[in-house]
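Engineer: Single-letter residue listing:
Protein chains: 2
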Amino acid sequence: MLLPNEEIRFTGGDNLNLDRIFKAESIAVIGASKNEAKQGYKALARLVEGRYEGRIYPVNPKEKTILGLKCYHSVLDVPGDIDLALITTPAHTVETIIEQLGKKGTVGAVVIAAGFGEVGDEGKLFEEEIIKLANENGIRIIGPNTPGIIVIEKDLNLVGLTNVPEGNIALLTQSGNIALNLITEANLKSQTGFNYYVGVGNEADIKFHEYLEYFSEDPDTKVILMYVEGLREGRRFLQEASKTTQVKPVVLYKSGRSVKGSKSAGSHTGALAGISEVSKSAFKRAGVFEVNNPGEMFPVAETLALLPMLKDDSIAILADGGGHATIAADYLTDLGIKLPELTSETRDKLAAILPDNASLDNPVDVAGGTDRDPTIFADCAKILLNDENIQGLLIVGLFGGYGIRFAKNLSYMEEDAAHRLGKLMEKMQKPIMLFSLYDYARPHSLELLRYYNIPVYDSLEIACKCMEALSAYGSYLREYDKEGNFQLNWRFGVIPGGQNIIDTALAEGRNVLLEYEARELFRLHGAPVTPDYLATSADEAVTCAEELGYNVAMKIASPDILHKSKAKGVMLGLNDEPAVREAFHKIISNCNQKYPEADIKGCLLTNMSKKGIETVVGMKTDDQFGPTIMFGLGGIMVSVMKDVSFQVVPVSEYWAKVMIDEIKSSVIFEGFRGRPPSDKDAIAKLILTVSEVAQAYPQIKEIDLNPVIVHDQGLTIVDARVILKSADCR
Amino acid sequence: MLLPNEEIRFTGGDNLNLDRIFKAESIAVIGASKNEAKQGYKALARLVEGRYEGRIYPVNPKEKTILGLKCYHSVLDVPGDIDLALITTPAHTVETIIEQLGKKGTVGAVVIAAGFGEVGDEGKLFEEEIIKLANENGIRIIGPNTPGIIVIEKDLNLVGLTNVPEGNIALLTQSGNIALNLITEANLKSQTGFNYYVGVGNEADIKFHEYLEYFSEDPDTKVILMYVEGLREGRRFLQEASKTTQVKPVVLYKSGRSVKGSKSAGSHTGALAGISEVSKSAFKRAGVFEVNNPGEMFPVAETLALLPMLKDDSIAILADGGGHATIAADYLTDLGIKLPELTSETRDKLAAILPDNASLDNPVDVAGGTDRDPTIFADCAKILLNDENIQGLLIVGLFGGYGIRFAKNLSYMEEDAAHRLGKLMEKMQKPIMLFSLYDYARPHSLELLRYYNIPVYDSLEIACKCMEALSAYGSYLREYDKEGNFQLNWRFGVIPGGQNIIDTALAEGRNVLLEYEARELFRLHGAPVTPDYLATSADEAVTCAEELGYNVAMKIASPDILHKSKAKGVMLGLNDEPAVREAFHKIISNCNQKYPEADIKGCLLTNMSKKGIETVVGMKTDDQFGPTIMFGLGGIMVSVMKDVSFQVVPVSEYWAKVMIDEIKSSVIFEGFRGRPPSDKDAIAKLILTVSEVAQAYPQIKEIDLNPVIVHDQGLTIVDARVILKSADCR
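Protein chains in written order, with my numbering: chain A, 1 to 730; chain B, 1 to 730.
The hints are simulated quantities; they were obtained by calculation from the structure and are not laboratory data. Heads up, some of the hints might be wrong.
Said to hold, decoys possible - The list that follows gives simulated cross-link-like pairs (lysine-lysine, DSSO-like), each with its CA atoms no further than 30 Å apart:
# : chain 1 : residue 1 : chain 2 : residue 2
1 : B       : K349      : A       : K189
2 : A       : K586      : A       : K620
3 : A       : K664      : B       : K280
4 : B       : K611      : A       : K611
5 : B       : K349      : A       : K124
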């Protein structure tokens with residue numbers, strides 16, 4: 001088995017030149033067509049009719065000209081180089097075409113055909129062959145199973161879609177209809193749009209993180225928006241994302257979390273949908289803003305592209321009715337946004353322009369005060385944004401509909417208010433956004449707001465989510481933890497003694513360390529492992545117990561007995577010599593009886609742990625992200641309540657502390673029912689040690705320190721279990 | 001303090017005649033106006049211009065005629081009776097007007113003015129006076145602080161809104177702008193609408209449940225849709241709702257769950273927003289479908305009004321792209337909807353009309369198979385709904401947009417498909433609904449679907465929620481538990497000995513029962529309370545312990561010492577005579593030292609409990625719903641993890657079992673880590689007993705049986721605490 005950093009990669013590596021792909025000066029459309037329904041026509045038509053300035057070569061052996069362009073019999077007939085190829089022909093033709101493109105100096109090929117990795121093992125093998133062939137020919141593949149790419153500025157549109165609105169959002173997606181969804185939404189509900197659209201497809205060659213790196217450096221891209229079914233190289237993605245988010249926001253929606261959804265994703269893009277808890281915490285640490293609902297994707301990206309960030313998480317709500325005010329307050333509270341009290345000065349100013357029954361609390365309810373003059377919205381907004389405690393404003397309710405619902409002349413007042421709100425935001429550099437129930441009717445006042453970069457949403461929930469994104473990204477930038485990178489340094493921190501333990505086990509054909517081996521491994525790495533002794537006879541056990549001091553615990557030591565309790569191989573609270581002697585004989589006889597073939601090394605003796613809070617610290621190898629630390633309270637809190645936190649290795653001190661505080665039950669560490677507070681620093685240190693061990697020995701697949709009893713000072717590792725990747729993986 | 005069933009109610013009770021209000025044959029508009037911005041004009045204009053056939057009396061001392069109608073100086077000048085009055089004048093004028101209306105035989109008055117219960121204690125008193133006066137005059141009040149009511153069929157529109165779309169949904173709301181929101185949405189996104197709109201306002205006189213009862217019996221009302229900030233008579237609401245939901249669905253959104261939201265609700269309608277966990281379980285038991293998002297309100301009500309119910313929770317997804325298919329599968333799985341495997345017959349039929357790379361699993365992805373012929377959607381729908389395992393169909397993606405996005409002639413094919421889908425639903429009586437990303441563009445094909453009662457949504461999340469509502473209401477009707485009513489029979493099941501214990505405590509000025517009193521109370525009601533003895537001396541303690549058999553627990557018994565452990569008044573695991581003797585002296589001396597003034601009755605002795613799972617069974621008095629049972633696991637599972645279930649009293653056996661199964665941690669009762677399963681029947685029985693005790697003695701405010709140790713057979717109530725409402729409440 002190969003280790004992750006030793007994989008032989010067919011994916012081209014250094015020869016990726018996305019700039020030459022996205023700025024291609026010559027494009028061949030292979031499978032160019034006169035049939036208007038085919039992509040070989042549509043893409044060609046978009047290139048011809050648009051601003052695309054490079055050379056265009058239709059390739060089709062059956063046609064002489066298409067759309068006024070000379071059509072070539074084959075790739076080899078094209079005069080001069082081909083920077084980029086769009087291959088719209090079926091899967092079985094791709095191999096020959098790639099070979100031909102290799103001779104034309106092509107750097108990138110977009111492969112539309114399905115029938116590769118997403119259709120099962122045979123398709124996967126075929127896909128790998130194609131990628132290998134392409135890379136050998138110096139060609140990088142976008143897709144396969146992709147709708148293509150669009151570079152708006154150049155009108156380099158290989159998807160063939162019309163009416164893609166222009167803006168500063170780079171779109172990376174694993175679904176053509178989600179892309180169409182977002183484009184349609186941008187057209188209908190926004191004045192902004194996209195600068196790139198990349199259909200990532202099966203992500204067989206060029207991976208998400210490679211596109212991300214490009215957009216990260218692209219000065220025109222303000223926000224990167226991603227629809228992901230599964231990440232082929234999750235670890236590399238996190239590395240790249242955590243760099244990108246320091247310069248621009250990344251918004252992501254991940255589907256495929258259910259069994260049916262994950263199966264659907266598999267048959268769609270061949271993606272392996274990962275455990276959502278691990279990816280959630282990993283994305284968060286990388287500063288990626290994950291949305292929970294596809295309807296939030298475009299609005300959140302738009303908000304982050306257009307609005308100034310929130311300086312802190314304190315905003316005001318301005319409503320023209322109690323219902324929307326109440327619901328918005330509920331939502332924002334759920335999302336951790338604060339609605340501070342207004343200063344008395346602010347309240348006085350509002351009181352001067354609003355009716356007596358207006359609510360001058362935050363949320364502010366104008367209570368009919370704007371019914372005859374909606375410009376009062378702008379007056380209120382100015383007062384609120386001038387309050388030093390208020391960093392942003394959410395306006396909710398009917399704005400935009402006064403002219404429609406009540407009297408036509410109110411429309412003009414709404415337009416006046418829109419101009420003033422727009423200028424106010426520009427001046428104050430504090431974000432303003434709206435929920436309007438009249439958005440669907442598209443009144444002019446709302447278009448004006450959008451002209452001033454004030455987004456308007458037709459869902460209160462989505463508007464609140466956008467406010468959260470502004471707050472979350474702002475605080476990520478302020479609190480970014482420099483230690484929290486995702487660089488795995490395999491074998492960093494390896495200790496010869498530790499390596500020896502692992503090598504011994506592997507040499508003996510074992511993929512599980514014995515408990516005393518696991519304990520020794522962690523002891524070598526500085527973990528507070530209490531002394532233990534391996535006794536091979538009852539006499540030795542007594543000597544050991546007296547060395548340790550009573551009272552002691554005794555456990556069977558055998559590579560063949562994993563479930564020690566089940567084999568009646570554990571006895572606790574042994575307080576004197578006869579008890580130890582009896583326990584030794586009993587444990588050995590119990591285990592001999594249950595596992596007559598077992599290789600019994602003896603019994604392990606340790607002191608009984610002091611009382612404390614039972615926790616679990618573990619490590620497992622995630623399919624997408626590699627080694628991942630897990631932390632939670634012991635017993636049913638982990639197994640039933642799933643109250644667990646995850647972080648991928650390596651974990652920094654900052655993130656170790658986040659892991660402890662993140663579990664719902666963490667308050668019990670502060671002291672519970674009269675108990676003293678627990679030693680959280682000791683837990684954090686142990687988490688760091690587990691992270692270090694996982695990194696030092698790539699052969700380790702799983703670690704389970706369970707239970708770990710945390711005291712008011714220090715902790716006790718009661719049981720330790722280490723599973724290796726496989727006996728032949730040294 | 002009055003008990004709930006003994007409250008003196010000023011709220012008119014029997015003289016409510018909503019039929020005469022909603023079908024009023026004469027209406028006075030008090031505060032009628034020529035100012036078009038005022039409700040006194042708008043309401044009058046709607047009455048005059050519409051189909052309203054009754055007599056209309058504008059009242060305004062300053063005008064002679066308004067809108068061609070004679071205007072009266074005062075109510076008393078109106079000739080003949082006034083069935084219903086709309087009072088648009090300020091709060092301070094209402095008292096006089098009510099007195100005058102009393103003389104005109106008026107049955108109902110809609111009071112628009114704010115400044116009552118929602119503005120604080122003074123406003124509340126004023127509100128109570130007005131209601132009392134009105135009821136004495138035979139008048140019931142809608143509001144105050146309401147936008148009014150609309151009866152669509154009669155064009156009885158006192159709100160003054162135009163363009164309220166007609167349909168079969170009765171709308172009950174505590175917010176005018178939420179109503180406007182829903183009406184706007186219905187106009188723009190639906191072909192159905194409302195038959196009633198009632199602005200409930202402060203709910204000061206006529207309560208939610210009274211309107212509910214009326215709509216329940218109204219044959220034209222198919223669904224009742226409610227926006228609630230707080231229920232003034234929550235218990236009566238549950239009683240009425242559980243009757244109503246047996247004949248028609250009730251959809252409800254409740255806001256005010258956050259501190260800020262609840263404060264906003266308070267200043268809006270004076271509502272006391274309740275604990276959302278209690279209301280959630282109560283609504284569910286009453287068969288009310290609670291939505292979590294205001295954007296779901298209208299769609300869910302529309303779906304329930306238009307579509308056949310789901311026969312079970314198994315549906316198919318039909319998608320024209322993998323992204324939407326995957327997301328829909330995730331959502332539906334989260335909501336508990338099943339996506340069964342398709343039969344091989346179904347798969348064969350689909351394979352015959354779809355391309356090779358189509359996914360014939362459920363979700364079905366046509367993979368381009370509809371690109372040139374969207375009528376294939378109708379073919380697929382027919383095949384899917386003829387599968388015996390499939391009870392409903394969700395179509396997701398671009399349908400409606402083929403003509404817009406690809407080629408105009410595809411629109412006609414989409415329209416053809418719409419007609420066929422409509423007829424298919426009618427024939428099969430299985431629900432069909434759509435998510436279309438082209439809804440916002442309002443293509444004709446989607447209007448056609450709506451004509452056939454197939455709803456179309458522009459949010460995938462909302463479409464899935466609507467499917468859940470069809471499934472949930474269907475299963476509620478199938479599984480309705482007749483025992484699960486909400487009728488509180490105070491004093492039912494009272495036992496003289498139990499009453500005596502309570503009376504004694506109250507007579508002694510105590511509002512807490514001593515532990516042995518509480519134990520005796522539950523013992524009298526058949527709960528498995530283990531024997532206990534009160535010892536007043538060390539000698540007695542020894543006798544008691546020997547009677548019980550060792551080992552025993554000993555606890556201080558004093559009405560003045562509530563926190564027994566804190567006072568060092570508890571000693572456990574006493575195994576012999578000297579231990580018992582020493583413990584008695586120690587406990588008495590500890591408590592004397594800590595509480596020198598305490599009235600010490602002695603020490604209570606019980607057996608130590610066998611091992612088992614620690615649980616808590618409690619009862620508390622909820623502000624909105626009255627006595628409510630609480631159940632959860634002991635320790636941090638209740639206090640930190642909030643893994644608790646609630647049911648209002650009385651609890652039936654069915655709902656007691658639901659309470660046990662509903663907590664997340666309930667799987668541990670099935671046997672955990674080799675333990676035997678726990679006696680869930682014993683827990684259910686104890687819950688029933690607590691419910692019975694809560695009902696038998698209205699003086700009880702709180703019960704806390706904590707911990708209750710559940711064994712594989714039976715359970716042990718280790719500590720029991722009963723708090724009474726107050727010492728002067730007999």
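Engineer: Which hints, by number, does the structure contradict?
Structural biologist: 1, 2
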